[in-house]
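Asks: Spelled out, the chains give:
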Amino acid sequence: MKNLLLNKVKRGALVGTVTVSAMAMLLTGCGEAPPSSGSGDGTKNAAAADYLGCIVSDSGGFDDQSFNQSSYEGLKKAEADLGIKVKEAQSGATSDFAPNLSQMASAGCNMTLTIGFLLAEATATAAKENPDLHYAIIDDNSIKADNVKPVVYDTAQAAFMAGYTAAATSKTGKVGTFGGINIPTVTIFMDGFAEGVKYFNEKQGKDVKVLGWDVATQQGSFANTFEIVQEGTKISNNLISEGADVIMPVAGPLGKGAGDAVLAANKGGKDVKLVWVDSDGYLTAPAYKSVLLTSVIKTMGEAVETIVSDDLNGKFDPAPYVGTLENGGVALAPFHDLDASVSADTKTQLEEIKKGIIDGSIKVESKSSPK
Amino acid sequence: MSGTELNKPAEESGATPATPASKPAPEAGKESNGTQLVREIMSGNAVISVLAVVVALVIGGILIAFTDSRTTSAMGYFFGDPSATFKAMWAAVSEAYGALLRGATYDPGARTWQGRLGIFETLTFATPLILSGLAVTLAFRVGLFNIGAKGQIILGATFAGVVGFLIELPPGIHLVAVVLAGAIGGALWGGIAGFLKAKTGAHEVIVTIMLNYIAVSLVLYLLKNQLRDPNSTNPISPRMHESAMFPLLLGPNYRLHWGLVVAVLAVVAVAWLLNRSTLGFEYRAIGENPRAARTAGMLVSRGYITVMLFSGALAGLAGVTQLAGTEKLLDSDIAGSIGFDAITVALLGRSRPWGTFFAAILFGAFKAGGTSMAINADVSIDIVAVVQSLIVLFIAAPPLIRSIFRIKELRHEGV
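Going down the list, the protein sequences come from chains A and B.
Residues in the first sequence are numbered consecutively from 980, following this note's numbering.
Residues in the second sequence are numbered consecutively from 258, following this note's numbering.
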């Protein structure tokens, strides 16, 4: 049913586009016809013009404001910067993965990016069937093959800093987090967040509590979906009513649900803040910038562009790429509008923590960290 | 089960005008409405189905043309050079539908054999649609809307999975056991709705939709606990044993598997059941007019229960072909959109077994070609969803089609 609704919305968008196009035609149809020359703008280099970079999403789609979107934008950037050709396919269901990948192979994609661990099985099969083509899979480190590059992130490092920030800015002494599904790519954020809070308590002699996640038992609050946005609102409301005043949703599109809950709570007189994940929410989810404390960023776009450009230059390497604070693969976003609510002391401490994590003097441990 | 006892609630529901309803007759109004609509749908002519597809494709083409970036930029100077706009529109539509057609049938330009012969991919996608479409068709003929194909597919796949990845059996027997388990799983889930309909008059549309939700949650629960792959933290099952899988029909290059043969056999069986058997005669009589059928001494409630068992079993088999044919492991998304596409397929096939068969192949082609269209012509795959939805619209609103093409009351000219 949800898919039907979603399709309806998308259909609505199409109809809207048609109407707008028709209006645009009426309004601007008086422009000059361009000179009829066949050649467009020259391509950047000959090899790039023949290079096909392809991307297959998981069921979140390229507009998920999360890892599908960041990876997609990275590939589009490679298209613009390097002059390569791009093919894209969105998967609506698990059963779409294999057909999408086989279409990409038959189109002759030099590099196919697959987004998410759900595609691991299909990617491994496609890579085996097409040993001459290259693959890169985001957020999965299970495939060992000469033509597959796993791309994973030690997100706990950046989430640790977010947890520290959250604890330092909390007034109620309680911060909360919840996940989409209890899977390693989600819980690694929650581990890091909780560890960061713990570190704050140790250093500052405070007792800030983390609601929604227990590192020891690896259990906590989960919506059990990445799709039903309202579940995010529900869980956030619970966390807020239990006293949490900083919330970190790790649930893709459900972050929007959490944002709505925070906005509503603040309207009712509370002072709750939001920590976004995956991308800088200030840019990708501007509706919530008034409550956005910071974001735990995975810089997938950059990683994707690098991998594609390396492959284009014949430097493909199947060794896993692990994003860390050190190589900038993960980062804590600026505080933007809420800059004033983070004290100068905290900012200095965060710089020290970052240095400590990079040089190894601070250990961030998560069961889900890439090995 | 005594027939008379079962028959009682249905009897009540069948409009007994003299008795003032102490409790409201469960579906006196709904049943006649539903029956009427079913009859309306079944009376649809093949011409209407074809025209619905054609009109839907034309409208889809218009959407493709207007959303194409070349068209929109050419429209910027429409009055300077109108032909450029039309050229761009033509290029967009012919590219998109060309890619759709090639992806669904034969594409000489593709790099791999899989890509070249898309027709086999079409048949692969069609296999579960044939079976689940038959499930909806069969229930339609008795006057029931089985909206629950999704849940029945999930239950079928779950039962089949338990036999397929938890139990080891000798080759041959294993696959047969998987297929039977899947049919039983689907039949149980469909049977619940049939039983409730016959016993209490609970409307099957409501019950089957609710059972869909229950099925999704149930399988997710099982996948997190009893059925989870011990080597995975994700809610997915272990892989099916090789002996529990349908063998591939055309070798390792294509995904097409023996499930297609099962589907074709099911079409033959349902056609025989409906057109040649006594039970099928009863089904059709109940579908035409349950009150008349009851007066003629048929057990309407037994009809409801058995048809939902059969219908559920067919949908369960669709789940088996997904799991043991293409997907190899169970996840909560095993039914995908098949359960709802099945309704469209049955509508398009005018609730005839062979009509459903061809409609399912058309939808399989949309699916296989849609992927190719999205990738090779850069047209959103949502266009396929739009075309499919328009087909439903045009079939479910036959008067609209009739008025567009000035077809006058085909029904009375004999179908």
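Keep in mind that a hint or two might mislead.
Simulated pairs of lysine-lysine, PhoX-like, Cα-Cα distance not exceeding 20 angstroms [what the hints assert, rightly or not]:
#1 A:K1064 x A:K1150
#2 A:K1268 x A:K1177
#3 A:K1268 x A:K1246
#4 A:K1177 x A:K1188
#5 A:K1107 x B:K585
#6 B:K481 x A:K1346
Please keep in mind that the hints were generated in silico from the structure rather than gathered at the bench.
Asks: With reference to the structure, classify each hint as holding or not holding.
Replies: Against the structure, the hints come out as follows:
{"no.": "1", "hint": "A:K1064 x A:K1150", "result": "violated (51 angstroms)"}
{"no.": "2", "hint": "A:K1268 x A:K1177", "result": "violated (27 angstroms)"}
{"no.": "3", "hint": "A:K1268 x A:K1246", "result": "holds (15 angstroms)"}
{"no.": "4", "hint": "A:K1177 x A:K1188", "result": "holds (9 angstroms)"}
{"no.": "5", "hint": "A:K1107 x B:K585", "result": "holds (17 angstroms)"}
{"no.": "6", "hint": "B:K481 x A:K1346", "result": "holds (19 angstroms)"}
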